[in-house]
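With the sequences and hints as input, model every part of the structure.
Number of protein chains: 2
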Amino acid sequence: MMKRLALLPALALALAARADEGMWTFDNFPSKKVQQKYGFNPDARWLQEAQLASVRLAGGCSGSFVSPDGLVMTNHHCAHSCIEQLSTKDKDFVALGFYAPTQENEVKCPEIELNQLVQITDVTGQIQGATKGLEPGKEFNDKRKAAMAAVEKDCAAGNDKLRCDVVELYHGGQYSLYRYKRFQDVRLVFAPELAIAFFGGDPDNFNFPRYDLDVSFIRAYEDGKPVRTEHYFKFSPEGAKEGDLTFVSGQPGGTDRELTTAELQYQRDIALPERLVNLAQYRGALTMYTQQSAEHRRNAEPTLFYVENSYKAIKGRFEALVTPTLWNQKAQRERALREKVNGRSSLKKKYGTAWDEVAKAIASFQPRRKEYRYVEQGAGFDSPLYRIARDLVRGTEELQKPNGERLREYTDGKLPQLKQKLFSKAPIYEEFEAFKLSYALTKLREELGADHPFVKKVLGKKSPQELAQELVKSKLYDVKLREQLWQAGREAVLASNDPMIELARLVDPDARAVRKWHDEEIETLEISGAEKIAAAKFELEGKSNYPDATFTLRLSYGTVKGYDENGRHLNPITTFAGAYDRATGRDPYKLPDSWIKANENKQVNLATGLNLCTTNDIIGGNSGSPVFDKDRQIVGLIFDGNIQSLGGDYGFDETVNRAVAVHSAGLIEALDHIYGAKRIVSELKGAPGAASGAGAK
Amino acid sequence: MMKRLALLPALALALAARADEGMWTFDNFPSKKVQQKYGFNPDARWLQEAQLASVRLAGGCSGSFVSPDGLVMTNHHCAHSCIEQLSTKDKDFVALGFYAPTQENEVKCPEIELNQLVQITDVTGQIQGATKGLEPGKEFNDKRKAAMAAVEKDCAAGNDKLRCDVVELYHGGQYSLYRYKRFQDVRLVFAPELAIAFFGGDPDNFNFPRYDLDVSFIRAYEDGKPVRTEHYFKFSPEGAKEGDLTFVSGQPGGTDRELTTAELQYQRDIALPERLVNLAQYRGALTMYTQQSAEHRRNAEPTLFYVENSYKAIKGRFEALVTPTLWNQKAQRERALREKVNGRSSLKKKYGTAWDEVAKAIASFQPRRKEYRYVEQGAGFDSPLYRIARDLVRGTEELQKPNGERLREYTDGKLPQLKQKLFSKAPIYEEFEAFKLSYALTKLREELGADHPFVKKVLGKKSPQELAQELVKSKLYDVKLREQLWQAGREAVLASNDPMIELARLVDPDARAVRKWHDEEIETLEISGAEKIAAAKFELEGKSNYPDATFTLRLSYGTVKGYDENGRHLNPITTFAGAYDRATGRDPYKLPDSWIKANENKQVNLATGLNLCTTNDIIGGNSGSPVFDKDRQIVGLIFDGNIQSLGGDYGFDETVNRAVAVHSAGLIEALDHIYGAKRIVSELKGAPGAASGAGAK
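Protein sequence lines, in the order shown, are assigned to chains Z and X.
Its first residue numbered 1, the first sequence is counted upward by one per residue in the working numbering.
Its first residue numbered 698, the second sequence is counted upward by one per residue in the working numbering.
Keep in mind that the hints are not guaranteed to be accurate.
As the list claims (entries may be wrong) - Here are the simulated lysine to aspartate or glutamate pairs, EDC-like style, with alpha carbons at most 16 Å apart:
| hint | chain 1 | residue 1 | chain 2 | residue 2 |
| --- | --- | --- | --- | --- |
| 1 | X | 1153 | Z | 581 |
| 2 | Z | 132 | Z | 142 |
| 3 | X | 1158 | Z | 581 |
| 4 | X | 1158 | Z | 587 |
| 5 | X | 1140 | Z | 308 |
| 6 | Z | 630 | Z | 43 |
| 7 | Z | 456 | X | 1278 |
Read the hints as simulated data drawn from the structure, not as lab findings.
Just so it is clear, the structure is predicted and the values come from calculations on it, not from any experiment.
Have a look at this one:
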């Protein structure tokens, strides 16, 4: 699984983009390359249709419209939080699965936002122009952010149903304005049991062969009705077979293929090991927490999944970076580029200092990186209640300023998603809050040191456990109270004696100080350097390459293909029979009752494809992406990458990197013959009026 | 704290041994250097006395005789397990402290063995001679181990009260036979409350200034009576002050200062990160376990301490290795040595291939390193019950072979410590066993993979939790049963249907296979290379240097000295006043009642020194080492190193590396005025007959 997370290391990376490499923007897709290799040339209309049928889950996943009535297909793990939020002690939809037999039974997810990309505009001139001639520093930062806020505000023009993001591509070499249609009324339609959605659990995660039904269906609503979607993917009648050409559209969360060696060294020696040990410890604690009771398990499971998934992904990235071949290739490539730049005096003058600027930014960041992470980024107070309190404290202050002068996340263009989160009806569990806060406060003390003035200010003579217990007495569980405080504004928030708001007020001056330092001293230096490197590459290579992933819509191409591992060839398609074989009856290899019964009753065709792997270049964030053929028909649903693909953060190796997907035939088979979800099957097959439940038995 | 653990990284390492660097063997101490720098020349008799007054705790610590009646001073954390093992649900000596007001009240520690080094003999010729002319491989391994076993057996001559170890120094450049007097009847005399022994807990661990009374007193017995010890350290009347010359004798557990860059790279990129994340996750889980009940806390606390301590130490080592200055110095030094060797054809012929042999050993080890660790080293079954079962299974098989053909740990010379552990009366807690086994089996599956044949063989269709629950139904809690099985021998063990013995039998063939591969293919290659490197150094530099630490007796010299940190000068001595200042009333900054009362009653002289730091070069394993002056009078008790000293695994930086000790004056002050332990105070001050309790009120 790979929700908003980068995937894994390859021993030998094909740095030339001859392979099926690339997470291409829709405005720079290499149709000619595809034509050469696969004999099919996606034209402008084809691309446009695929773009409009794809959606983003703003929380960190991908999805696709699969009916004219706003039905969206994504992964179970992308809706896991929603499914948990809709559950209660007595009705655990995570364990039992969820199916709305009629449209009236579809239930709203408190925090899912869908974005449909409708327009891409190049705004490089406006953004880079704002900082032209400025040295890195305060003015650079102010001007740049004001320009971005202005462009976004103009684009959305006060319409909350539009979302406009300025996207930094090629590490600042290009800025594009992405205009999305925004859907915040999104309802749950279908989800299988976690036991089959995540069959094999953490041990099988990032592995292949696989046997998972990692799917959920949700539906976009507008004005209380399913939205009519002109652009959507139809299902392929047969699905894919080995050797077929496949496309994947979706939102890869982030890659680091274009980082400088200074940045890579920082990742290898400091950032990744630190994240890894932090995730490992939290994993140990969380696992124990989930084992304490069924309620703890239900409340903490989505977090545990996130932590285990991240841990495995980061581990793969680290292992890639300590591979000498990868490292040497990267270093050599950078050396060659710098030599070219330094070899021409015009280039040298413009770009010669770029790499040193980036290196300086990295070196300067190190001494205060923990303050930035624990104080400003909130790792020391990691919990929903704290984030709510902080948004109330900061948000009401920021709103008093002109749009262009606010912190980025409080500009007008960002308010709709801020409010969705702030006023979310998702339950917050007091016990789990206490656990998380106590853990985070202990880490805060450990990482900054018991004698750090900020730690002393926050803890005083209290233990982390004591302070956590006080904080969870906050009244911010109550959504009405949050709305009141937000409406009442800054004075009301300043006057509140809610313990969590008091904490957020106490933290804010220190947090703002380290944020200001980071944004002005570090970030501007890094951007200034990275922009130059990108410009040098454009000048020398043109735009023949794709930009690093940025959780924005990309298209990749590839083919259904097995690979060799430990001297064994793995076929690219698994079947239902394999799942029944692999089951042990014990978690995480315990099939749900529905599957066992369906097999006993011989309802399932065991030869049907269940999962498949392809050479498409994807990474965390692509979870939920549609896999489709040249007729834009769904043949699969991305939900993972193999272990070899985790190095994909740094490069792509077609011989072993694989995207892992649910097979479209398996999807239909399970919906139809295991779950009896006739309404959805009809809708996917294009029966008229299926969405309203006419197709249900 | 640093039980058998390496300490911390310095940014700039003084690689020349001009500083107070060095963990010197007693037969090669640089008295002349000390004379030159400090004006005192330790002669042979002085060294002999210091050697005989020092003891080793075979489990991983250091100590010293401090009275003629076998009284031994060491750290609280070195006796922590014993204190826990002597506790019960109703009487928790870890929390409450322990004091035997009379000799009759002293209680036997089930697993402590003391070793007093009485003789050092060079046996290099015998050991190296056995493999002369042999290529690395099976015969090399067989001959070498047989030679070691023979030398050890001859030396001990069947006397269990002697312990003889062949010690590999300079990575195989020299072999010494260390003959010890062995004490297995060791009794607990005094221990303070954990709250002051480990005041500041994990947050203050490896830090300075410090305020810990990390001491315990134990006593060596022979034939049921305190042993008469001719050689012991007396207490200094005043203790140390800034600038005083200090010596530390003890058993540094291990350093890696002479490793090749191939070995260092393996540590940096693979071994240390792996250990770090494993420790981090286990720390998270264990912390939660200890919080579940008071009983869980008591049972698991020593393990948690060990894990947190190791985590911090390894973190420090990793941080040292990613420091470019250290790395470059190491690489440069190796390059220079290899150039010298290759520059002379006689040297090149003998030693030229050495570094490549070591590199090859490292590279060959990698693919099966996890099997070695989880199957042979038992990480997949980490628990006392399993270790007992395994010793029964393996031990009874090995004993059927001639001494020289057995696995090293079952040779005659090793049997006394094996039996002490095997027949230990230390309690084993079923619940904690279940927790540990379930955790370890889960890790086994994760690290080798659910599809690994060994994992399938062990788990079958069971979950790790289920198997753990079955295993803890073993009857091996019963010491009598273990003795019976051991006596009855191999057939009885083969016939047993105890679930843990059945597991050990199931595991053994796989474990032996990977052990054989490791010992014959990997270890011999590494030794062959390392011996050559050591010989090349001897030929070029003589024995002017000390060998890497090997948990054998070493002597270091230094001085009481502060240092600068974050622009602030730290004084080398802290006082009782500082401890009372730092207390918050909350764990881990909660002083015990005894301390609070003593202060309220004004019994304590607040100006008395409590802790101190010195420039002595120490590392994990030195815990419990005496700090003494040129008159061999105790001025302190090593219990930690500062955070900067953790890089000491790779080198020593006198400007910031510091050993941290309890001040001798503080020790007496606390014993006398807080604990009223008059009997011990009298004994330490040399009152006649104090041991028998005459000095007690």
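Structure-based check of each hint:
Of the supplied pair hints, the one linking residue 1153/X and residue 581/Z holds, its CA atoms being roughly 14 Å apart against a limit of 16 Å. Restraint check: the Cα-Cα separation between residue 132/Z and residue 142/Z comes to about 13 Å, which is no more than 16 Å; the hinted pair holds. Distance restraint check for residue 1158/X and residue 581/Z: the Cα-Cα separation of roughly 12 Å lies within the 16 Å cut-off, and the hinted pair is therefore satisfied. Only pairs whose Cα atoms come within 16 Å are accepted, and residue 1158/X paired with residue 587/Z is accepted, the gap being roughly 10 Å.
Only pairs whose Cα atoms come within 16 Å are accepted, and residue 1140/X paired with residue 308/Z is accepted, the gap being roughly 13 Å. Simply put, residue 630/Z and residue 43/Z have alpha-carbon atoms about 11 Å apart, close enough for the 16 Å limit, and the pair holds. With a C-alpha separation of about 14 Å, the suggested pairing of residue 456/Z with residue 1278/X holds against the 16 Å cut-off.
The structure agrees with every numbered hint stated previously.
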